[in-house]
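Protein chains in written order, with our numbering: chain B, 1 to 225; chain Z, 1 to 377.
There are no misleading hints in this set.
Taking lysine-lysine and the DSSO-like style, the derived pairs with C-alpha atoms no more than 30 Å apart in a straight line are:
{"hint": "1", "chain 1": "B", "residue 1": "K139", "chain 2": "Z", "residue 2": "K69"}
{"hint": "2", "chain 1": "Z", "residue 1": "K352", "chain 2": "B", "residue 2": "K2"}
{"hint": "3", "chain 1": "B", "residue 1": "K66", "chain 2": "Z", "residue 2": "K352"}
{"hint": "4", "chain 1": "B", "residue 1": "K51", "chain 2": "B", "residue 2": "K87"}
In case anyone wonders, no lab produced these hints; they're calculated from the structure.
Below, each chain spelled out in residue letters.
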Amino acid sequence: MKRLVLFVEGDGDASAVPVLVRRLLTELNAWDSLFLDLNPFVVGGVNRLFKDDSGNWLRWLGAAAKRGSIGAVLVVLDGDLRRIRGKPFCAANVARELAQQSKRARAGDLFSVATVFACQEYESWLIAGVESLCGKPLKDGRPGVRPGTQPPGQNLELAPRDAKGWLKRVMESGYNPVRDSALLTEIVDFELIRNRPMRSFRRLESALSTIVGALRNQSHVVSPG
Amino acid sequence: MIRRFRVQNFKSLEDTSVDLGDVTVLVGRSGTGKTNFVNALGYLRDYLSLGNPQNPELQDWRRLLPATKPKCHMSFELEFDVKGIQEPFTYCVTLPQAGPGHGVTSESLRLGDRTFFAQVEGKWEVEPPLVAVPQPRLPAIGRIPSISEVVIAYTALTSGIGCYDFPGTVLGPVHQGTRQGISGLNDDAGNYLQTLKDIVKNLQDLNVRKSITATLQRLNPSVSAVELDSIQQPQAVVVGHKFDERTLELKLTQESGGFRRFYAHLLALYQLPPKQTLVFEEPENGIYPGALALLAEEFKAAPSAGRGQVILTTHSPRLLDHFSAEEIRAVVLDGFQTRIGRISREQQEALKEQLLEPGELLTVDPARIEDTESANA
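One chain only, chain B, in its complex shape (with noise of 0.2 Å):
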């Protein structure tokens, strides 16, 4: 059995990330090849893995390599930045940039990494399967979205630009990142995201199969190739 350890950008999602990872390796019936790491890596943040050519990235991944019987990296990142090391963002490139740099850490030689960006925020999936959530009080009794409430647009990916302060706007209590995101992750019925043109959660759900995939066969992948 070979650990799974997830790099996740803020507390929010250090919280949430594992719960919606956790979901989906259930539905791959994956628990056969790995366990999941409960500790995720909290990084900041696209722009601090770069930081000082890649070292943060870097040192990070050897700080993973550490835990024992490691099998393969996540990273989970929000995509939506503007630009990035002078360049426009696109997730694709910075992915695969990401993927390069980790081989320098021996990744796909002793472990695999995979890189995916929420597009633009992780709430932007809980959006995508919000008519899921309507109504349903969260798991500590408080009430969570507000019966009724349909998505923003046709095309979640780009909109809302700001996803927390759209569910801050529908939640009957509010959204609070830290407080709430688990509790989403939870009850969101996945279906309705993917019958929804969220490229980015397919994205995650490739990058999940490859990584069992790997271990399966017992070999190491970096991804994107």
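The hints should help you fit chain Z onto chain B, whose structure is shown.
Chain Z only, in chain B's frame:
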């Protein structure tokens, strides 16, 4: 210096034993029990020296017991050594579930293999070697003045411990010091004039005041002197600021909150006579982040200079960056219980190989205890 401190049934510390070093930094999320650990030490000190805790928050016995065990004994066990004595002391005391006003359930003091006294349920198991043996039931450690080792142990556990949690108003115009009864700088620095007077009047080591001023100069280069307004009956501390050839005198109460808070920490560290153990709660509060390196240097220098071991709690990555893996203890909540221990082995290795910076144990990869590795999903 306290080498090990075991606490049973004090708030969230149902059974927690911590190895302490020259410098120990406790880190963990809010509500995990860092302050409970620090308060347990302060509580024991106050119980032994004053009979009651100074801290008003610790005066309600029922609220000191674990929420899950409203009726139980409370125990403390300390292993500590004192300079000049070869072997370590071990002191154990158990307070009855009825509260500290009903004496002790058990108590013992050992030095190496030698037991000075041991009492259980109001009877002596090992009687102190005295002609007039004190009555058991009450704590004996402070009632045996004719055995010097017992007096030394008592002093180390009472006036030898300073527990500092300076308020933002410390040393300021509205700061009212209230705590009394233990020699040295009070926990809230309310008697700071007397502490500085003791430093100023000490002719054995004139470097103490120079060291304090030099450190403050690194904090604020204009500082040229920090002195009492009167040696006989001091009413204020005056801070000299030198600009070109002119000196401006300001009262300490006119200085910024950050300066005063920094200075309060220096007074605790440099007080005379020095403490054996100095505890500081979140010393970073109110202090300019760029000055935290300077403060960390002072903390780290204190033990080797004979100014006491240092125990800190912190939420500051910038302060934590100055401490090593061996000095850091992770504090976590396991159910309702606080657990404290060395950080996980892989985090220790990551720090040694500079894959992690110490401050990242508060941000990127929160500190975990050595034997509680990542749980499986």
